[in-house]
Amino acid sequence: MQEEELESRLIDIIPNLNHDQVVDLALYLAFEPKFNSKPVWKAIEANALEGLHLFTLKQVCQLQWATTQLKPKRTVGRFNTMLM
Numbered sequence: 071m072q073e074e075e076l077e078s079r080l081i082d083i084i085p086n087l088n089h090d091q092v093v094d095l096a097l098y099l100a101f102e103p104k105f106n107s108k109p110v111w112k113a114i115e116a117n118a119l120e121g122l123h124l125f126t127l128k129q130v131c132q133l134q135w136a137t138t139q140l141k142p143k144r145t146v147g148r149f150n151t152m153l154m
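Residue numbers for the sequence shown follow this note's numbering, so the first one is 71 and each next one is one higher.
Just so you know, these hints were derived from the structure itself, not from any lab. Computed from a prediction, not measured in an experiment: that's the story for all the values here. For glycine and all other residues, C-beta sits at the position ideal for the given N, C-alpha and C. Treat the hints with care, as some may be off.
[Stated by the list, open to error] No more than 35 Å apart at the CA atoms, straight line, and that leaves these computed lysine-lysine pairs for DSBU-like: (1) Lys128 / Lys104; (2) Lys108 / Lys128; (3) Lys128 / Lys112.
[Claimed, not checked] Between beta-carbon pairs, the in silico distance windows are: (4) Phe101 / Ile81: 31 to 41 Å; (5) Gln139 / Glu73: 11 to 21 Å; (6) Ile81 / Glu102: 10 to 20 Å; (7) Glu75 / Cys131: 11 to 21 Å; (8) Leu127 / Glu74: 34 to 44 Å; (9) Asp90 / Gln139: 17 to 27 Å; (10) Cys131 / Gln72: 31 to 41 Å; (11) Tyr98 / Leu119: 18 to 28 Å; (12) His123 / Gln72: 32 to 42 Å.
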C-alpha cells in the first residue's frame with residue numbers, strides 16, 4: 071500500500087475511532103512504521119481533543135509520548151501542553 075493511499079484511509083477512519091483506539095493507533099504509528107503525515111496527526115489530535123475527558127492518566131501519557139516521538143509530528147504545541 072502506498073503512503074498516499076494509507077494516509078487517505080487513515081484520515082477517513084480516525085474520526086470514527088473511540089478514545090482507546092486513538093491511543094493505540096497513535097502509539098503504533100509513532101513506534102512501528104514511524105508514519106509522520108501532517109493530515110493524519112492533525113486528525114488524531116482533533117479526535118483526541120474531542121474525547122480528552124475520557125482518557126485515563128496512562129492513556130494521556132501514551133498519547134503524549136506518541137505525539138512527541140520523531141519530531142515534528144505536526145501537532146499543535148498547545149495540544150502537548152494540554153496533555154502534560
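Hints, one by one, checked against the model:
1. Lys128 / Lys104: Holds, at roughly 21 Å.
2. Lys108 / Lys128: Holds - the C-alpha atoms of lysine 128 and lysine 108 are around 25 Å apart, at most 35 Å.
3. Lys128 / Lys112: The given pair, whose Cα atoms are some 21 Å apart, holds under the 35 Å limit.
4. Phe101 / Ile81: 31 to 41 Å: Violated, since phenylalanine 101 and isoleucine 81 (Cβ atoms, about 20 Å apart) do not stay within the stated range.
5. Gln139 / Glu73: 11 to 21 Å: holds (18 Å)
6. Ile81 / Glu102: 10 to 20 Å: Because 19 Å falls inside the window, the suggested range holds.
7. Glu75 / Cys131: 11 to 21 Å: With a Cβ separation near 32 Å, glutamate 75 and cysteine 131 fall outside 11 to 21 Å, so the hint is violated.
8. Leu127 / Glu74: 34 to 44 Å: Holds: the Cβ-Cβ distance is about 36 Å, inside 34 to 44 Å.
9. Asp90 / Gln139: 17 to 27 Å: The hinted range 17 to 27 Å holds for aspartate 90 and glutamine 139, with Cβ atoms some 20 Å apart.
10. Cys131 / Gln72: 31 to 41 Å: Check passed, 33 Å falls within 31 to 41 Å.
11. Tyr98 / Leu119: 18 to 28 Å: For leucine 119 against tyrosine 98, whose Cβ atoms are near 20 Å apart, the range 18 to 28 Å holds.
12. His123 / Gln72: 32 to 42 Å: Given about 36 Å between the Cβ atoms, the range holds.
Violated hints, in rising order: 4, 7; the structure is consistent with all others.
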